[in-house]
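Colleague: What follows is the residue order along each chain.
Protein chains: 2
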Amino acid sequence: MMARSNYRLPKIPEMTIRRLSVYTRCLLQLEEDGVRTVSSQELAERFNLNSAQVRKDLAYFGEFGVRGIGYYVAGLKAELQRILGLDREWAVALVGFGNLGSALFHYKGFSRQGFRIAVVIDDDPAKAGRDVDSVPIVSSRDMARELKTRGIQVAIVAVPVESAQAVTDQLVAAGIKAVLNFAPTRLRVGREVRLKNVDLSIELETLSFYLAKGGR
Amino acid sequence: MMARSNYRLPKIPEMTIRRLSVYTRCLLQLEEDGVRTVSSQELAERFNLNSAQVRKDLAYFGEFGVRGIGYYVAGLKAELQRILGLDREWAVALVGFGNLGSALFHYKGFSRQGFRIAVVIDDDPAKAGRDVDSVPIVSSRDMARELKTRGIQVAIVAVPVESAQAVTDQLVAAGIKAVLNFAPTRLRVGREVRLKNVDLSIELETLSFYLAKGGR
Chain R
1 MMARSNYRLP KIPEMTIRRL SVYTRCLLQL EEDGVRTVSS QELAERFNLN SAQVRKDLAY
61 FGEFGVRGIG YYVAGLKAEL QRILGLDREW AVALVGFGNL GSALFHYKGF SRQGFRIAVV
121 IDDDPAKAGR DVDSVPIVSS RDMARELKTR GIQVAIVAVP VESAQAVTDQ LVAAGIKAVL
181 NFAPTRLRVG REVRLKNVDL SIELETLSFY LAKGGR
Chain L
1 MMARSNYRLP KIPEMTIRRL SVYTRCLLQL EEDGVRTVSS QELAERFNLN SAQVRKDLAY
61 FGEFGVRGIG YYVAGLKAEL QRILGLDREW AVALVGFGNL GSALFHYKGF SRQGFRIAVV
121 IDDDPAKAGR DVDSVPIVSS RDMARELKTR GIQVAIVAVP VESAQAVTDQ LVAAGIKAVL
181 NFAPTRLRVG REVRLKNVDL SIELETLSFY LAKGGR
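Protein sequence lines correspond, in order, to chains R and L. Just so we're aligned: 61 in my numbering is position 61 of the first sequence, and the numbers increase by one with no gaps anywhere. Just so we're aligned: 183 in my numbering is position 183 of the second sequence, and the numbers increase by one with no gaps anywhere.
Careful, some of the hints might be misleading.
In this list, chains with the same sequence are indistinguishable; a pair is considered to hold if it fits within one copy or across any two.
[Said to hold, decoys possible] SDA-like cross-link-like pairs, simulated, lysine to any residue; straight-line CA separation at most 20 Å:
#, residue 1, residue 2
1, K213, V22
2, K56, A173
3, K213, R88
4, K11, A166
5, K148, A212
6, K213, L195
7, K56, I12
8, K177, L195
9, K177, Q165
10, K196, E45
11, K127, S102
12, K196, L49
13, K177, E203
Just so you know, these hints were derived from the structure itself, not from any lab.
Whole structure, please, built from the sequences with the hints as guidance.
Modeller: As structure tokens, this is what we get:
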């Protein structure tokens, strides 16, 4: 596949974006290991990827490989981080501070990739008005003001199923542009908002596939 | 692509398995909506998938489509559930009952797909020896016995990074065949064990891609 011109990106499959995240992690690992260049073949073998898929995914964004050398690890990593918007910090609102919300608040993977939880929203009177690790917990009444003041465009929804749609409507009305939803329900948002549902059971299903196969 | 013979499956990309989970959910939705047959094209349009990819993924497992009709929704769903090992119940051990462990314990998505948490393992003396919703919490000292008695092959690791490897070694020694790891660290397991790492920040990264693109 030819590299495509950059001024108008074609519609990029979400799975491609997802894989760019994976490639970025692989390149970080290679960089830590002192590897300076890598071919798509080597990348595929080491991380159990598909080399044709790697080349196809990258081709959406330009020509990164150098003939006879492969990819420069540091350069490709930086380029993918730029494409993924990881060359900056994103302030994030976390909605819901129950078990899941607390777990996500303390999840180290987010901050490592540039996502900083800047405000927590929870209506529990025992929580709202307090701080957690210097991050304010506010009630949903103050949500719109807080999001605007802090320039927050991304929200993580970690509330029970029953309140997920209502809280999402409030977030959208307050100008949120992207929602990461952990409540196991289908949310409705307008076309101007990116919604991503996290379904944790999908991960278990890939495991049961291998177990079921092994058992036959 | 031709359907391949069934007696020896080719190496199936993990992304294909992951997408089978997604297709199963789409088919469940169609079934609820009373749709009886669907073409790969309709499936792709309705759920924002790639129709060539759908056909290619399914072709690993046989010929499911009927010329001029497409797929029978109920039949394809049942077939995919069988392939994914979702036509039976899997007893699961949950290791770690802190914030994340509690959240996962109450996560409704697991049981809906046939994963039943049958035992919780936590060494906190305030927790071990008690029950949660009729599920026993035991200390890791009793782990091996509990896993064997209950015939558990799958474990979810939701402990802090520092103890994740040690607990995984114990699980593997006790005969666990598949581990779903939520601790943001790389675990080492032998080749006989399937390990799946859940990296929650990947989900946020697909969102930041779209935000970054929109902002330019």
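Colleague: For this structure, which hints from the list above don't hold up?
Modeller: 2, 4
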